[in-house]
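Construct the complete structure from the given sequences, taking the supplied hints into account.
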Amino acid sequence: MMMVFTAVFSTMFRFNIADYPIYFILGNTLFTLMSDSTSSAMHSIIDSAALIKKIRIDKIVFPVEKVLFQLVNFAVSLVAVAIVMIYFRIMPTLDLLLLPFLVLCVVLFSIGLGLLLAALAVFFRDICHLWGVVLTAWTYATPIFYPVDQVPVWMQQVMQYNPMYHYITYFRDIALWGNTPSLTESALCFGGALAVFIAGLLVFKKAQNKFILYV
Numbered sequence: 001m002m003m004v005f006t007a008v009f010s011t012m013f014r015f016n017i018a019d020y021p022i023y024f025i026l027g028n029t030l031f032t033l034m035s036d037s038t039s040s041a042m043h044s045i046i047d048s049a050a051l052i053k054k055i056r057i058d059k060i061v062f063p064v065e066k067v068l069f070q071l072v073n074f075a076v077s078l079v080a081v082a083i084v085m086i087y088f089r090i091m092p093t094l095d096l097l098l099l100p101f102l103v104l105c106v107v108l109f110s111i112g113l114g115l116l117l118a119a120l121a122v123f124f125r126d127i128c129h130l131w132g133v134v135l136t137a138w139t140y141a142t143p144i145f146y147p148v149d150q151v152p153v154w155m156q157q158v159m160q161y162n163p164m165y166h167y168i169t170y171f172r173d174i175a176l177w178g179n180t181p182s183l184t185e186s187a188l189c190f191g192g193a194l195a196v197f198i199a200g201l202l203v204f205k206k207a208q209n210k211f212i213l214y215v
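UniProt numbering numbers the first residue of the sequence shown as 1 and each following residue consecutively.
If you are wondering where the hints come from, they were derived from the structure by calculation, not from laboratory data.
If a hint is listed, it holds; no wrong ones were tucked in.
List of simulated lysine to aspartate or glutamate pairs, EDC-like, C-alpha gap at most 20 Å:
1. Lys210 with Asp58
2. Lys206 with Asp58
3. Lys205 with Asp47
4. Lys205 with Asp58
What follows is the structure in structure tokens.
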């Protein structure tokens, strides 16, 4: 599937980007980790209703388990990414050692957002349908298959508030361009992830005692 996407986008969109297939794959793979993680976590409490009603268990286990499962899928995808990079003769640099830090940021962000969605979905079931629409819009609002400089300046400024823009740019810097991210960019990635994680955790903890009444 990864190669199909690469072939399609490489043919349809001819941007002046060196190693465009890798550019696209890196962005798509990281965004998929977030989108699949949050979607799975969002349904976790509702799907586990029978178990929640039968036994006492810390309910945070369900959304976190879903995110960790998607992390395993992401790890498998990285093997495919590595093979494609070898094919295109992209040589890794020491900057790639920052990948675990980046993955930690994206996982923290995904868990936080997943916890928030899981809590809201219990009380507002329409969230499950709306989230798919949000993800589609988010995909196009993130430079996954197009370069940032192809959009108007005002959109580039808006992208600064898009967490996935920063994570994907970070990924491309360390895996494709061989650029060492600045300390400011690293702090921004981690700080944003931590803020979303804490917010999601607080909302989930506050709402979890009422889950059994609505699932």
